Amino acid sequence: MKAVRVRAFDAAVCLLLMFMPFWMGAIGGYTELATRIVVMGLAAMSLNFLLGFTGVLSFGHAAYFGLGAYGTAMAIKYLGAGTIPAIGFGVVLATIAAMIIGALIVKLRGVYFAMVTIAFGQVFYFIAFRWNEVTGGDDGLTDWHRLPIDLGFAKLDIFQNDKAFYYFALAIFAICVGAMAKLLDSPFGRSLIAIRENERRARFLGVPIEFHVWLSFVISCLFVSVAGALYALLNNFTDPRALRVDLSGNLVIMAVLGGMRSFWGPLIGAAIFVALQDYVSSHTQNWMSVIGLVFVLVVRFFPRGVLGMLRGAKA
Amino acid sequence: MTQVVLFNVFNGLIVGAFYALMALGLSLILNLSGVINFAHGGFLALGAYLAYTLIPYIGFWGALIVAPPLTAALGLVVEWLLIRPLYGKDPLYGLLLTFGLAYIFEDVTRLIWGAQSVPFQVPGWLMTSLSSQLFFITGYRVFMVIIVTAAVGGLFAVLKYTRLGMRIRAGTRDLDTVSTLGVNVRVLRSLNFGIGIYMAGLAGVLAAGLLGLSPTIGANLIMPSFVAIIVGGLGSLLGTLLGGLMIGVASGLAAVYFPSATEAVIYVMMGLVLLVRPRGLLGEEGRLH
Amino acid sequence: MPKSNWRAGVNRRTLVKSGAALAAAQFASPFVIRARAADAVKIGLDNPLTGTYAGPGKNELVGCQMALDEINAKGGILGRPVELLVEDSSSGDAGTAVQKARKLIEGDKVDFLLGNVNSALALAMAQVSNEKGILHIVPGGHTDAITGASCHWNVFRVCNTTQMEAAAVCAALVKEYGKKFYYITPDYAFGHTLESGMVKAAGALGGERVGGDLAPLGAVDFSSYLIKAQAANPDVIVFLVQGDDMLNAMKQAVQFGLQNKVHLAGAQQEMEPLEGLPPEARIGTWVLEWYWNQPGVPHVAEFVEATKKRTGRVPTARTWFGYLSVWTCALAAAKANSLKAVDMAKALQDFHLPPEIALGPNPAFYRAGQNQLLASLFVGNAQPSGSAPDDLFHVTDVVNGAAIASSVEESGCKMTWPT
Numbered sequence: 371m372k373a374v375r376v377r378a379f380d381a382a383v384c385l386l387l388m389f390m391p392f393w394m395g396a397i398g399g400y401t402e403l404a405t406r407i408v409v410m411g412l413a414a415m416s417l418n419f420l421l422g423f424t425g426v427l428s429f430g431h432a433a434y435f436g437l438g439a440y441g442t443a444m445a446i447k448y449l450g451a452g453t454i455p456a457i458g459f460g461v462v463l464a465t466i467a468a469m470i471i472g473a474l475i476v477k478l479r480g481v482y483f484a485m486v487t488i489a490f491g492q493v494f495y496f497i498a499f500r501w502n503e504v505t506g507g508d509d510g511l512t513d514w515h516r517l518p519i520d521l522g523f524a525k526l527d528i529f530q531n532d533k534a535f536y537y538f539a540l541a542i543f544a545i546c547v548g549a550m551a552k553l554l555d556s557p558f559g560r561s562l563i564a565i566r567e568n569e570r571r572a573r574f575l576g577v578p579i580e581f582h583v584w585l586s587f588v589i590s591c592l593f594v595s596v597a598g599a600l601y602a603l604l605n606n607f608t609d610p611r612a613l614r615v616d617l618s619g620n621l622v623i624m625a626v627l628g629g630m631r632s633f634w635g636p637l638i639g640a641a642i643f644v645a646l647q648d649y650v651s652s653h654t655q656n657w658m659s660v661i662g663l664v665f666v667l668v669v670r671f672f673p674r675g676v677l678g679m680l681r682g683a684k685a
Numbered sequence: 015m016t017q018v019v020l021f022n023v024f025n026g027l028i029v030g031a032f033y034a035l036m037a038l039g040l041s042l043i044l045n046l047s048g049v050i051n052f053a054h055g056g057f058l059a060l061g062a063y064l065a066y067t068l069i070p071y072i073g074f075w076g077a078l079i080v081a082p083p084l085t086a087a088l089g090l091v092v093e094w095l096l097i098r099p100l101y102g103k104d105p106l107y108g109l110l111l112t113f114g115l116a117y118i119f120e121d122v123t124r125l126i127w128g129a130q131s132v133p134f135q136v137p138g139w140l141m142t143s144l145s146s147q148l149f150f151i152t153g154y155r156v157f158m159v160i161i162v163t164a165a166v167g168g169l170f171a172v173l174k175y176t177r178l179g180m181r182i183r184a185g186t187r188d189l190d191t192v193s194t195l196g197v198n199v200r201v202l203r204s205l206n207f208g209i210g211i212y213m214a215g216l217a218g219v220l221a222a223g224l225l226g227l228s229p230t231i232g233a234n235l236i237m238p239s240f241v242a243i244i245v246g247g248l249g250s251l252l253g254t255l256l257g258g259l260m261i262g263v264a265s266g267l268a269a270v271y272f273p274s275a276t277e278a279v280i281y282v283m284m285g286l287v288l289l290v291r292p293r294g295l296l297g298e299e300g301r302l303h
Numbered sequence: 031m032p033k034s035n036w037r038a039g040v041n042r043r044t045l046v047k048s049g050a051a052l053a054a055a056q057f058a059s060p061f062v063i064r065a066r067a068a069d070a071v072k073i074g075l076d077n078p079l080t081g082t083y084a085g086p087g088k089n090e091l092v093g094c095q096m097a098l099d100e101i102n103a104k105g106g107i108l109g110r111p112v113e114l115l116v117e118d119s120s121s122g123d124a125g126t127a128v129q130k131a132r133k134l135i136e137g138d139k140v141d142f143l144l145g146n147v148n149s150a151l152a153l154a155m156a157q158v159s160n161e162k163g164i165l166h167i168v169p170g171g172h173t174d175a176i177t178g179a180s181c182h183w184n185v186f187r188v189c190n191t192t193q194m195e196a197a198a199v200c201a202a203l204v205k206e207y208g209k210k211f212y213y214i215t216p217d218y219a220f221g222h223t224l225e226s227g228m229v230k231a232a233g234a235l236g237g238e239r240v241g242g243d244l245a246p247l248g249a250v251d252f253s254s255y256l257i258k259a260q261a262a263n264p265d266v267i268v269f270l271v272q273g274d275d276m277l278n279a280m281k282q283a284v285q286f287g288l289q290n291k292v293h294l295a296g297a298q299q300e301m302e303p304l305e306g307l308p309p310e311a312r313i314g315t316w317v318l319e320w321y322w323n324q325p326g327v328p329h330v331a332e333f334v335e336a337t338k339k340r341t342g343r344v345p346t347a348r349t350w351f352g353y354l355s356v357w358t359c360a361l362a363a364a365k366a367n368s369l370k371a372v373d374m375a376k377a378l379q380d381f382h383l384p385p386e387i388a389l390g391p392n393p394a395f396y397r398a399g400q401n402q403l404l405a406s407l408f409v410g411n412a413q414p415s416g417s418a419p420d421d422l423f424h425v426t427d428v429v430n431g432a433a434i435a436s437s438v439e440e441s442g443c444k445m446t447w448p449t
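Sequence order for the protein chains is A, B and C. Residue numbers for the first sequence follow this note's numbering, so the first one is 371 and each next one is one higher. Residue numbers for the second sequence follow this note's numbering, so the first one is 15 and each next one is one higher. Residue numbers for the third sequence follow this note's numbering, so the first one is 31 and each next one is one higher.
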């Protein structure tokens, strides 16, 4: 039955994620790569909330990813905040930006919406790049690192212990992904899918389109900024590249590669993309061509993505 | 002070003309085919490198004439092989494809011509200033303006007076009807794409005389083109031209009064336009979707 | 073609179908795949091979490979063969650089880490190498902090600090051309420190800053800055912009004919962008950190010949940085008779490199307490052509780095050693 199949798949994914640091080493990876996959997976899934489920093409999500990263880094470096408050700071920063920008662009659609998201993404890149005193400019924010978390009853050393940080990131990933799943299952989520399928009809049915799109945009950016915060913590560093359109493009390809129409698709896409990039760039100087080729091939031959193909013809 | 302001405004117009050339090619493709050509900067680089390779054989003027059509030819091949199957599909795919192409172009140019910058030779007599007073108006910049004016003029002439141009303009408004009227829409799109890439190649040859020629030469030039299109108006070529000139002048003025904001100013303009008039200054109603 | 020692990995992951096909084509081509000796000493190079810094990064790689071949020909390090594992850090993505550094250290278990051309990436990698206690040599990352405020016991740097470059060139400028300087500075940390170093060094000699502009990285059009510069009526316009930015600025300055009114100069210059300038724009007074045309200095000619055989071009300062960095690892291990980072780092304090590696008229040594290499700086003028096709620089003065470097205290480096 479909429900059982879906549950089994979810369980399989959960199991793989729980034990990734252990089986990662066996196939030649390393813990940091696993953490990176989780972080990028969260980012891609957040983007897909807007892209795959609401049908709105944002090509500038790196801006909010980066804002989450910078907010967290600045909170730790300048305010001496703990890890959780720092993440909160980054998320709040990015979400406010998303709310403002979302309101500005919500009337646009399609290609033009994409163009404008790209342009705004570049605005933030540009600010991070030039505001040397605050963001460190091209050099980025250095000289800080993640601090062990004091839970009262135990100390979680997420700084020195790679595995500990992986599980920390995984926990945050689980919370966010659970929230997204719940939202998609709700009437709100159903409205989003309706908008994706046929916007005009949804409008006739009385769904407030602009508000829904705006809210979907904000939620999507919120979760992407969590991923950004984790990324900053992972590197103990943040720099303007986290905001650039390259990253936005990479997130979109991850979602498409894995399968836009499925929930776990972007995670699969992120895993393939991150691992592929890591592997290929170690073996050839022309890895950019390989990555570019992946984009081209996915678009031409696998537009439904891995999970889309596995599940047969759907939507 | 007024002198410096005048100098910078004048110079801004010259630079703006160059941005407009690039943006027009991008806009042409966007309006008719609905594809955001992320690889535009890559085609620009290719045009520049092709010219660089040809100069020892046919000189600078020969390269100027030959390199853009060569680039356009490559553009036609790319369009036929890769982009054509995407028309009518979600614009997402066109964007992703050209995004991937941009990666490949940068890598391939680096593979063929090396990672280091290569020296691009422009005829000596172009490299001098018009006068000691107006030293910043070099022969080369005047030459650039002439070429851009000729190209833009040619483009508008083609669009207004030739059958192809008329079909492109009609197709921008309503491609279905044009198709129903018996026009081969596939060929139309290809030719349109070719013209757009020709402009990119031409911009590349011009850029190489002004900037260092390395595989990343197109990377910094594509964002101002985007902004020019957004500011000038979606769907309007005249708007794109205007947008390009405006951002050139705005940057020039900012250089005088707020030097650190020379780039920020174009994004501020974009933000303002989006706030006040989302379809852009000369944009057409109904183009938002 | 240089012999590459890319890693021959066990097939670790299944790839997307055609990605695999293309990738396979890559691997089949001229990569020499060595069976990995179990007891090989591994050096990890985490440097840009794509993007804006690909040019210098590749030249550093060539230098590293040349040193590697020489070391292996002489029996390796402590009797064991040496391998070079190369990763592309990208030209600016700190995340990638750090990821690759961790991959090299944790995944591949390298004994030494080398990198990065980009100062910011070098700092990020230094944090990782310090955390893991690995010996880290920075061949060409210039920000002063690497051997200054952010210095670490395990991090050594080959190229000069901005303070040294500024001090070297200012004397020549003030003496020959005048005291009024206008600065065109790239707007990031390296540019800012370079400018303040120049202002300070020039000020000590009576020089005056009549104005300046901060140009964003990747600036395309320098005309507004050049217009302002000319209006300020300086004796010298100092171009502190690097790489492609410098190319753009110089091309445009020469088109404006500015060199007829004002002297053009700068601090740090490199062969790579010089080679990219058209001959009429190859002018101005600059500092090179190493130059291939050193008549009368022993061993240099052999190094130049060896490089020409490998790549067809003369070595640049970057080639020399890479060469010296790898040799540093070998010599430190030999002196300490150990591969432990602490032992080697201690062995490198005030360590003098032999002449066939120093390749310059002055001694080259790592200053104790700071881990900064002090060698020679080559002040001179760029020229359209010289005694040979690649002779693009006319050296007027070779400055001894040790004589002009600020003290360890002034650099802000407070080194703490592990207990």
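To be clear, the hints were calculated from the coordinates, so they are not data collected in a lab. Predicted model, so just to flag it, every value in this text is computed and none were measured. Think of the CB as a built atom: it goes at the ideal place given N, C-alpha and C, for glycine as much as any other residue. Keep in mind that the hints are not guaranteed to be accurate.
[Stated by the list, open to error] Subject to a maximum C-alpha distance of 25 Å in a straight line, what follows is the list of computed SDA-like cross-link-like pairs (lysine to any residue): (1) C:K72 x A:D532; (2) C:K444 x A:I397; (3) C:K209 x C:V429; (4) C:K104 x C:V429; (5) C:K258 x B:A278; (6) C:K258 x B:S193; (7) C:K258 x B:V156; (8) C:K162 x C:K376; (9) C:K210 x B:S193; (10) A:K525 x C:K104; (11) B:K103 x A:R560; (12) C:K230 x C:H293; (13) A:K477 x B:L295; (14) A:K525 x A:I397; (15) C:K162 x A:K477; (16) B:K103 x B:S193.
[Stated by the list, open to error] These stretches of chain B come out as covered by chain A in the derived footprint (C-beta under 8 Å, 3 or more residues): (17) 26 to 39; (18) 76 to 85; (19) 95 to 104; (20) 234 to 245; (21) 274 to 280.
Can you give the numbers of the hints that this structure goes against, from lowest to highest?
-> Violated hints (numbers, rising): 2, 4, 6, 9, 10, 14, 15, 17 and 18; every other hint is consistent with the structure.
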